[in-house]
Amino acid sequence: MGTAATRRHVRSGLSILALIVVFVLLWEGYKLIWAALGWEWPVRPDDRTMPHTWDIFLTLFQPAQRNGPLFIFVEGKAALLTLREAFVGFVVGGAIGFGLGVLFVRSRTAERAFMPYVVASQTVPILAIAPMVVVWGGRLDVPQWLTVSVIAAYLTFFPVAINTLRGLRSTPTNALELMRSYAGKPRETLWKLQVPTAMPYIFTALKVSAAASVIGAIVGELPAGFRGGLGRDLLQYSQQFTAAPEKLFAAVLIAGLAGMFFVGLVTLVEHRWAGRNGLRSYPREGTAG
Amino acid sequence: MTERDEVIGESGVTDVFAAFEEDLPGGPSNQRGVIVRYLPAVVAFAVVILLWEGLTRLFGVETFVLPKPSEVMTSFLETAGVIWGAGFRTLIEAVGGFVIGVTLAVITSLAAARWVGFREGVLPLAIAANATPIVALAPIFNNWFSITSPFSKMAVVAVVVYFPVMINTTRGLLEVEPGEIELMRSMAASPTEVTRMVRIPNALPYFFASLKVASALSIIAAIVAEYFGGPQDVLGQYIINRANLFQFPDAWAAILVASILGVVFYLLVLGAERLVMPWHVSFRSTE
Amino acid sequence: MTEAVVEARGVGKVFGSGPDQTEALRGIDLDISSGDFVSLIGPSGCGKSTLLRIIGDLVGPTTGDIAVNGKTPDRARLDRDYGIVFQSATLLDWRTVQKNVELPLEIMDFPADVRPVRAAEMLELVQLGGFAGHFPWQLSGGMQQRVAIARALAFKPSLLLMDEPFGALDEMTRELMQQEVLRIWEETGTSVIFVTHSIPEAVFLSTKVVVMSPRPGRISEEIVIDLPRLRTQDTREDQRYFELITEVREALRREESGVADDRA
Numbered sequence: 001m002g003t004a005a006t007r008r009h010v011r012s013g014l015s016i017l018a019l020i021v022v023f024v025l026l027w028e029g030y031k032l033i034w035a036a037l038g039w040e041w042p043v044r045p046d047d048r049t050m051p052h053t054w055d056i057f058l059t060l061f062q063p064a065q066r067n068g069p070l071f072i073f074v075e076g077k078a079a080l081l082t083l084r085e086a087f088v089g090f091v092v093g094g095a096i097g098f099g100l101g102v103l104f105v106r107s108r109t110a111e112r113a114f115m116p117y118v119v120a121s122q123t124v125p126i127l128a129i130a131p132m133v134v135v136w137g138g139r140l141d142v143p144q145w146l147t148v149s150v151i152a153a154y155l156t157f158f159p160v161a162i163n164t165l166r167g168l169r170s171t172p173t174n175a176l177e178l179m180r181s182y183a184g185k186p187r188e189t190l191w192k193l194q195v196p197t198a199m200p201y202i203f204t205a206l207k208v209s210a211a212a213s214v215i216g217a218i219v220g221e222l223p224a225g226f227r228g229g230l231g232r233d234l235l236q237y238s239q240q241f242t243a244a245p246e247k248l249f250a251a252v253l254i255a256g257l258a259g260m261f262f263v264g265l266v267t268l269v270e271h272r273w274a275g276r277n278g279l280r281s282y283p284r285e286g287t288a289g
Numbered sequence: 001m002t003e004r005d006e007v008i009g010e011s012g013v014t015d016v017f018a019a020f021e022e023d024l025p026g027g028p029s030n031q032r033g034v035i036v037r038y039l040p041a042v043v044a045f046a047v048v049i050l051l052w053e054g055l056t057r058l059f060g061v062e063t064f065v066l067p068k069p070s071e072v073m074t075s076f077l078e079t080a081g082v083i084w085g086a087g088f089r090t091l092i093e094a095v096g097g098f099v100i101g102v103t104l105a106v107i108t109s110l111a112a113a114r115w116v117g118f119r120e121g122v123l124p125l126a127i128a129a130n131a132t133p134i135v136a137l138a139p140i141f142n143n144w145f146s147i148t149s150p151f152s153k154m155a156v157v158a159v160v161v162y163f164p165v166m167i168n169t170t171r172g173l174l175e176v177e178p179g180e181i182e183l184m185r186s187m188a189a190s191p192t193e194v195t196r197m198v199r200i201p202n203a204l205p206y207f208f209a210s211l212k213v214a215s216a217l218s219i220i221a222a223i224v225a226e227y228f229g230g231p232q233d234v235l236g237q238y239i240i241n242r243a244n245l246f247q248f249p250d251a252w253a254a255i256l257v258a259s260i261l262g263v264v265f266y267l268l269v270l271g272a273e274r275l276v277m278p279w280h281v282s283f284r285s286t287e
Numbered sequence: 001m002t003e004a005v006v007e008a009r010g011v012g013k014v015f016g017s018g019p020d021q022t023e024a025l026r027g028i029d030l031d032i033s034s035g036d037f038v039s040l041i042g043p044s045g046c047g048k049s050t051l052l053r054i055i056g057d058l059v060g061p062t063t064g065d066i067a068v069n070g071k072t073p074d075r076a077r078l079d080r081d082y083g084i085v086f087q088s089a090t091l092l093d094w095r096t097v098q099k100n101v102e103l104p105l106e107i108m109d110f111p112a113d114v115r116p117v118r119a120a121e122m123l124e125l126v127q128l129g130g131f132a133g134h135f136p137w138q139l140s141g142g143m144q145q146r147v148a149i150a151r152a153l154a155f156k157p158s159l160l161l162m163d164e165p166f167g168a169l170d171e172m173t174r175e176l177m178q179q180e181v182l183r184i185w186e187e188t189g190t191s192v193i194f195v196t197h198s199i200p201e202a203v204f205l206s207t208k209v210v211v212m213s214p215r216p217g218r219i220s221e222e223i224v225i226d227l228p229r230l231r232t233q234d235t236r237e238d239q240r241y242f243e244l245i246t247e248v249r250e251a252l253r254r255e256e257s258g259v260a261d262d263r264a
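Residue numbers (this note's numbering), protein chains in the order written: chain A, 1 to 289; chain B, 1 to 287; chain C, 1 to 264.
Rather than coming from a laboratory, the hints here were simulated on the basis of the structure. Computed from a predicted structure; not experimentally measured. One thing to keep in mind: the hints can contain errors.
Below, a sample of chain A positions facing chain B; criterion: calculated Cβ distance under 8 angstroms [what the hints assert, rightly or not]:
#1 127
#2 136
#3 140
#4 234
#5 235
Dumping the calculated DSS-like pairs for lysine-lysine here, alpha-carbon to alpha-carbon at most 30 angstroms [claimed, not checked]:
#6 156(C) with 192(A)
#7 99(C) with 156(C)
#8 71(C) with 185(A)
#9 71(C) with 192(A)
#10 156(C) with 185(A)
#11 185(A) with 99(C)
#12 208(C) with 71(C)
Don't be surprised by glycine CBs; every beta carbon is placed ideally from N, CA and C.
Next up, chain A with everything else stripped away, as it sits in the complex:
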């Protein structure tokens, strides 16, 4: 990692800091101006409805419940639980999606037979029915974390399958002719040419799916009886809003960070792969010259 990369990292770090400062200024500014002018629309500027940003931040380092562990630890644990479910589903769904993509590119018959079902699977709005699926799973004595993971897998496999297929098919004709001229096994063309070509597409799908998996996990945790995940905690703090509004905001902050963390992780893997494979910019723009 040279100085150019470090400079880039410092620059992003500073931009993030700047964004946080701007957000705090806007928030507190809104409160000040609206309170001074006595306005109440769209949101009331009082401390009950809009706690001060520093109060929200400080809440992270106070006990979540009387004499209990710190908020940041409690919600951090909840976030990890949610992320774990999302991750399991994400990995399984990603593997299935990739497998389907490879299958469809190798066998036109398989594609024609199964693609309609793959597409149709997404007409079921799984996010919208996630809580119902969890209740259903519970009735069938399936552990809740498993049902939630299945939901995450369902959300992941489709974009990964479609993008894998698109990416595998996007290899230039000349490259395919080249491989044909080498008279190798079809497997070699797949792994040496088509899969590396497809990686940018696959990573795009993975990033979208990572975000979706986290959402799916949170929504899946909403039905009653689930303990310890972000979903239920958000509901709980929502009910405690009149007493302690900062807690809800702090919990939402942690949920947001959890999502960003997961997508960030995938992005990191993507950059490592790109770095090791000589690609200097993403998405690829083709060879220079």
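With chain A fixed as given, assemble chains B and C onto it according to the hints.
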């Protein structure tokens, strides 16, 4: 591969449309082709339904394990008044949020295309925000805008819709051939003229692609927002209430309503797209 | 007695069927001997790229017989008798230059210890020895094409197929690359079939120029290039060089006006 079909959006919704639209014909002459192409899928679907019904009856599968299609249909017809009423209220939340979100997104996009400083600040933020579980804002909005008001759900929908539409419309406004910009410059066109005559037409495909994603997301976001609490006569609450009582056929009937609403909304956007950009859609069918 | 590398008799190719079909090639009779450098030249639609691909078994002929190295094209391909270079270098972006050259060796199951040695040897041949660790995007267009040539020759085929390899390069680089190809041809003794749009390029490089005409694609003339084997930049100013260019140009013109007469 056209970049335009690659919408930065949520879950696989984008790609369902791309997959579906790759099959869409350019005009009336191809309609027979479409029917022929989809016939096997339709037949397969009918077979699946029949098998499902048959096998669940045969093995005496309990409703709570897997409801029979006939039970879902019965519920669908019997509770029609309730579920469509709930559907209507949810639809209002979805459409309201959609309109707000899209409007804000368009305004922000135009600003981002025009002023580099604004863009450099807002665009990365939008992309990062897209990675966060926006539905987590639902409890906040419930408290801010009164949990019983549809506006609290509309706000969630608006935020969910805002980001993909804004990101993609900005891309569309900016990713113009440099040659076209140079041409406009050579004719001493003002920035407004450049925006109006080159950038906006260029952005329309991106815009509509993101609208299609947003239309599907709206219904889903509205339902998910409803799960965080509120009046009972909306789809989300109905579904979860029925599910908690293990009345799954009722829940599925409501989900059917949600799917139908989603498809209708999508087709409306599709219709709007064809109206505004007849040249583009027919261009795509020749690929 | 030099052996025939390519023997084509009555080769034809029709694409598509029904009213939409196009006859890309008709009645192609062609002989190419070992050690030849043969250029296929003609306007767009004359089928020269198609003919090259038929020789390489990337496309099958509809009619006629063709033998490559005395075998059927697919046998020749399975025996790895030829290497191919396209207009775009088609290097794999995610592999270094060296790994790109090693690609065919991997697929052809060359032993792992032989591959880097051979790759290095080929890179020396195209004078890119110091760039083994670079990635394609770090090289200019001309350099990328040289890597593509090194790759095509890595497994030492007896035949090299080139489809307008210098079409995307600027004129100066092009002339340098032409010199390079001739040098490599001398050093390796490979037979070359070269598709091009450029008359001077065809004359400068070849032992024989095959003029083709379109609609349907066919061979209209074969012009033997009797310039000395050793060609240099001085050859480009040679009297005979210009005469031959004119000959080829007139052959192309004849076909053009011939087609015009047919339509009149």
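Problem set entry | Minimum beta-carbon distance criterion (8 angstroms), residue 140(A) to chain B | Given a least distance of 6 angstroms, the restraint on residue 140(A) holds.
Exercise. Is residue 71(C) within 30 angstroms of residue 192(A), Cα to Cα?
Worked result: holds, 29 angstroms
Exercise. Would the pair residue 208(C) and residue 71(C) pass a check requiring their Cα atoms to be no farther apart than 30 angstroms?
Worked result: Holds - the C-alpha atoms of residue 71(C) and residue 208(C) are around 23 angstroms apart, at most 30 angstroms.
For this session: For the pair supplied as a hint, residue 156(C) and residue 185(A), confirm whether the alpha-carbon distance does not exceed 30 angstroms.
Result: Given that 30 angstroms is the threshold and the Cα spacing comes to 20 angstroms, the pair holds.
Problem set entry | chain B contact restraint for residue 136(A) - C-beta distance below 8 angstroms | At 7 angstroms from the nearest chain B Cβ, residue 136(A) passes the 8 angstroms test, so the hint holds.
Problem set entry | Hint consistency between residue 156(C) and residue 192(A) [alpha-carbon to alpha-carbon, up to 30 angstroms] | Roughly 21 angstroms between the alpha carbons, so the hint for residue 156(C) and residue 192(A) holds.
For this session: Classify the hint on residue 235(A) as holds or violated, based on whether any CB of chain B lies nearer than 8 angstroms to its CB.
Result: holds, 7 angstroms
Exercise. Given residue 127(A) as an interface hint, is the shortest Cβ-Cβ distance to chain B below 8 angstroms?
Worked result: It holds, given that the least Cβ distance between residue 127(A) and chain B is near 5 angstroms, below 8 angstroms.
Exercise. Holds or violated: residue 234(A) as interface residue toward chain B, Cβ cutoff 8 angstroms?
Worked result: OK, holds: residue 234(A) within 8 angstroms of chain B, min 5 angstroms.
Exercise. When you check the alpha-carbon spacing of residue 99(C) and residue 156(C), does it fall within 30 angstroms?
Worked result: At roughly 17 angstroms apart (the allowed maximum being 30 angstroms), residue 156(C) and residue 99(C) satisfy the hint.
Exercise. Has the given pair, residue 71(C) with residue 185(A), been kept, meaning a C-alpha gap of at most 30 angstroms?
Worked result: holds, 21 angstroms
Exercise. For the pair supplied as a hint, residue 185(A) and residue 99(C), is the alpha-carbon distance within the 30 angstroms limit?
Worked result: holds, 19 angstroms
In this structure, every one of the numbered hints holds.
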